[in-house]
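These protein sequence lines are chains L and D, in that order. Residues in the first sequence are numbered consecutively from 1, following the numbering used here. Residues in the second sequence are numbered consecutively from 137, following the numbering used here.
For the record, the hints were derived by calculation from the structure and aren't laboratory data. Do not rely on the hints blindly, as some may be mistaken.
Calculated pairs, BS3-like style, for lysine-lysine (alpha carbon to alpha carbon, straight line, at most 30 angstroms) [to be verified]:
1. D:Lys564 - L:Lys43
2. D:Lys322 - D:Lys282
3. D:Lys553 - L:Lys43
4. D:Lys555 - L:Lys43
5. D:Lys448 - D:Lys316
6. L:Lys43 - D:Lys562
7. D:Lys325 - D:Lys398
8. D:Lys398 - D:Lys223
9. D:Lys325 - D:Lys282
10. D:Lys316 - L:Lys87
Every beta carbon over 12 angstroms from chain L, so not counted as near; a handful from chain D, in silico [claimed, not checked]:
11. Asp172
12. Asp181
13. Gln304
Cβ atoms here follow ideal geometry from the backbone N, Cα and C, with glycine treated the same way.
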Amino acid sequence: MNLPAWEEVEHTADWSLRVRGADLRSLFENAACGMVSLLGDAKPTEITFHRVIEVSAIDTESLLVEWLTELLYILEEDLIFSEINVKQIEGNTLIGEVSGGPPDQPPMKIIKAVTYHLLEIRPTDTGYETVLVFDV
Amino acid sequence: MAVHKQNMKRISEFLWEIPATYRHDMKVPARLYASDAILEAALQDASVEQLINTATLPGLVGYALTMPDIHQGYGFPIGGVVASTTKEGVISPGGVGFDINCGVRVLTSNLSYDDLEPHLATLATTLYRNCPTGVGKGGGIDLDAKDFDALLREGSEWALENGFAEPQDVQRTEEQGRLKAADPTKVSKRAIERGITQVGTLGAGNHFIELDRVDAIYDEEAAQAMGLADGNIVAQIHCGSRGFGHQVCTDYVRDFQSAAQKYGIHLVDRQLICAPFNSPEGQAYFGAMCAAANYAFVNRQVLAHDIRQSFKQVLKKTSLDYRLTQVYDIAHNMAKVEQHEVDGKRVEVVVHRKGATRAFGPGFEGLPEEYREIGQPVLVPGSMGTASWILTGTLGSMEQSFGSTCHGAGRTMSRSKAKQTILGNKLKSELQSEGIEVRAGSMPGLAEEAPQAYKDVDEVVRVVTGAGIARKVARIVPVAVIKG
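Hey, can you work out the whole structure from these sequences and the hints?
So, in structure tokens, the structure goes:
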């Protein structure tokens, strides 16, 4: 049975997602897509930007927080993604590419931040898994 | 190991204790203010575990506490209060959280509900139009870099100088709306870029503006001092430091990850990240946090100005003679340097309140003259569509809880469950049929904040007043709700 790339975990006040990936690259991509899915069904009306994102951190968990935080920063410019790709993770540095444009409908919520709450990336039989908590 | 009621000692009807021996890494015992029902609910999620985690922070004194609006957060539980000494203790950006100085302001009026009722629908629409809400980057007042720097340093004083405040508003704000330790040089360029366009915006989520009717008065003397009269209209604002505060927290939670290693601080949860208060890192965060706190005071002040303008627009052609005066403005996500008595000695501590309100008792010299004898006003918003409370701090809160009390109702239902079980549109019509005007940008967002998703605020208030850490002044009920 294929487990979903991300699924919601019950949390009383904020949003929490369990994310899986066959490797770190797909884990980071799935985490980004899962986070963006919390905003609703908005799609870009046209593609107006393409950006390369490079982030570094002290360890893999921090790198995940940094990567998602960069994406939130772009979302705050009233933009939405059409594509999110993690090109490379080497050591504690990530290179990603994203594109998108203005959303066809307003996002349903503000995600204030990505937290470190009990954050741990664990190896599993099929790759990697982690649980993220977002402050909303 | 999940914590159970059997692991706790009942200290009094509304106070429970988990001894420091419960877990090897606890530095102090943990205490919960709760009724039986509230405690049972708290044990259903991770909030009590999170309380125990906060009891492991370095330099703590007294107890790690939670208020009865306790619920699961990230790092600290919501409703959490801890005090760490300035000498040997820490400051935790993760503990304060992303919405630095999220708080509540209440304005009162001499208008009766009956006076206002014919204009209520128009007023709700005007407030929605004049007070920028929702997601997005801008919408706030125009500021240049020099203005913004002054705003971060001076807080409400800046708002007064720039025509957004009345002198009494400033007097009736926690710390007179200015934390003097604010240091904008410790704030990142990105925080400034995000914050400069958002001053005077409400945001989304659980933030709101509400008009309420005073439903009952419990303390005539205090109500009179605050200008509250039965049947009259009051306005509430609930919001914080917007993208500016979020970015300050994000920056320091990231930067402190290596600081914890440097100072040999072992963390049970990385979101509880902290640094010694008296370290360069701790002082840098404190300066930035105080700047974010000043930002939030100004944000609520500008929204108060927008509310006054809206009343003026709507009521200008009537013969109503009215005034909107500030009751108080209070923070509920903040770390403050305060003096408290611990084991018979005065100690300077950094009190972290995460979803908890300062509640200083009578006699505290930082209060405006008219509140010196009654104690500090405490503003406790309920869930949307239900009652809110105005309380005062007590000598009990000074003795028991580092001058702290509850901040709201506290959630019991996850946002996703609320959205699955409650339809925003249906909720809006239900509230409208109860005579509450609702103006909201997002219907799913409205559903997430449905009253069913929260505890009963009356029960929360019963606990804090029963435990002696607050005193009832007035209960207010909503007549108009504005949300992002």
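Structure-based check of each hint:
1. D:Lys564 - L:Lys43: holds (27 angstroms)
2. D:Lys322 - D:Lys282: holds (16 angstroms)
3. D:Lys553 - L:Lys43: holds (25 angstroms)
4. D:Lys555 - L:Lys43: Holds, because 21 angstroms separates the two Cα atoms, which is no more than 30 angstroms.
5. D:Lys448 - D:Lys316: The hint is violated at about 34 angstroms.
6. L:Lys43 - D:Lys562: holds (26 angstroms)
7. D:Lys325 - D:Lys398: Distance ~25 angstroms between D:Lys325 and D:Lys398 Cα, so the pair holds.
8. D:Lys398 - D:Lys223: holds (18 angstroms)
9. D:Lys325 - D:Lys282: holds (14 angstroms)
10. D:Lys316 - L:Lys87: Roughly 46 angstroms between the alpha carbons, so the hint for D:Lys316 and L:Lys87 is violated.
11. Asp172: Holds, because the least Cβ-Cβ distance between D:Asp172 and chain L comes to about 19 angstroms, which exceeds 12 angstroms.
12. Asp181: violated (5 angstroms)
13. Gln304: holds (32 angstroms)
Checked against the numbered hints given earlier, the structure breaks hints 5, 10 and 12 and satisfies all the rest.
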